[in-house]
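Undergrad: Read off the chains here:
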Amino acid sequence: MSAQTIPIPTAARQPPRSQQLLALIPGTLLLFAIGLAGKALESLGIYLRAHHHYFPRIEYVLWAIILGLLLSNLFTVPALFRPGIATYELWLKLGIVLVAAKFVFADVLHIGAMSLVLVAIELTLSLTVMTILGKIFRLPPKLTSLLAIGSSICGVTAIMAAQPAIDADEQDTTTAIAAILALGALALFTFPLVGHFLHMGQQSYGIWAGLAVDNTAEATVTGALYGDLAGRMAILAKTARSAFIGFVVLGYAVYWASQGQAARVERKALFLWQKFPKFILGFMAISILASLGFFSVGQLTSLGNLSKWAFLPAFAGVGLRTQLRDLVTQGWRPILVGVLGEIFIALITLGMVLAVYHHGAAQ
Amino acid sequence: MESPTPTRKLAFNVDAAAILIALTFAALIRLNIIHHINW
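Chains as they are written, first to last, in my numbering: chain A, 1 to 363; chain B, 1 to 39.
The hints are simulated quantities; they were obtained by calculation from the structure and are not laboratory data. Heads up, a few of these hints could be off.
[What the hints assert, rightly or not] So, partial list: chain A residues that the calculated Cβ filter (under 7 Å) puts toward chain B:
| # | residue |
| --- | --- |
| 1 | 93 |
| 2 | 97 |
| 3 | 98 |
| 4 | 297 |
| 5 | 299 |
| 6 | 302 |
[What the hints assert, rightly or not] Output of the computed footprint for chain B on chain A, the stretches with three or more beta carbons under 8 Å from beta carbons of chain B:
| # | segment |
| --- | --- |
| 7 | 70 to 76 |
| 8 | 277 to 289 |
In this text, all values refer to a predicted model and were calculated from it rather than measured experimentally. We treat Cβ as the ideally placed atom computed from N, Cα and C, and that holds for glycine.
Could you put the whole structure together from the sequences, leaning on the hints where they help?
TA: Set out below in structure tokens:
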């Protein structure tokens, strides 16, 4: 999902909180400007096509990503904007918490529980395969661990959670993050094609995207590109997957500590709580309130629309933070291991989702 | 050297902020202080 690759400055060098918040404004405005431009282009396309003019049939989600990608890959985004661009993570999580208004809590439990079973299988297989691939291609062991954690659970967030826990070095972490982000960008464009080719339903496609795409942002976008319901299902499956982050990172921390290459984890329950993505609690709270009839139908619609507004800058952020040149600058072996691992994960999760939906277990 | 990945840590807890903002909007909408949000 999201990320913190720059070391936190020491307290002595930290500017005042008000100054830090002010520094967020330019980049935040840029995110909203790109998102709104994407929405405007979608509306322009609808208008022009209605008046018999040609305009590509592209939704605002993809416009926002394309504009962000063009801006960050063709030009150098000034440093002034960078702090604010990082707020895409806030908008993403806000959108996820608010979109829970569209879920009945019983469905969250039902689909979430089904996703948890699929996630458990996916985790076991993908961690094993990534570890084997890392050994075959002779990647540094800790880089292999980071790639395995990133590709099996929650992308960049999982890698950042694992870095201090397994005492990985900065270069391995940067390489793993770059590989996971670049591969996430590829998923945006390939998954919808596969979904349409296989005539997948909105629900099954969304669950697949949530299980297979690494970062929450990319998983949300990959789902939303297929449709509104697919986007929501991707969020639900991805959220279930993210819930595993603490357990997997703890497992690797214990392993590397047993090898004498990382500090021992003394308080495991506290470690699990610290690594748990807390926004999931907000998602569940809104879903419970909605299911208890706390909101009217019109109010639920407003909350759903508000989540779309929150996703708008988040989608722009996905484009802005994706550096396509990372595909070539990080060396071919981590990328190859990532690509092979991701293809395996995509196929295995596709097989599981198709099996579940083919047999009607998910209706 | 700055990371090639344009990601950085924010100065506040993102999860807590997202939940707080979401619950605030939910309350404002529930109390009809915000009547309708269009898309």
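Undergrad: Against each hint, give a clear statement of whether it holds in the structure.
TA: Hints, one by one, checked against the model:
1. 93: holds, 4 Å
2. 97: OK, holds: residue 97/A within 7 Å of chain B, min 4 Å.
3. 98: holds, 5 Å
4. 297: violated, 12 Å
5. 299: holds, 5 Å
6. 302: holds, 4 Å
7. 70 to 76: violated (count 1)
8. 277 to 289: holds (count 8)
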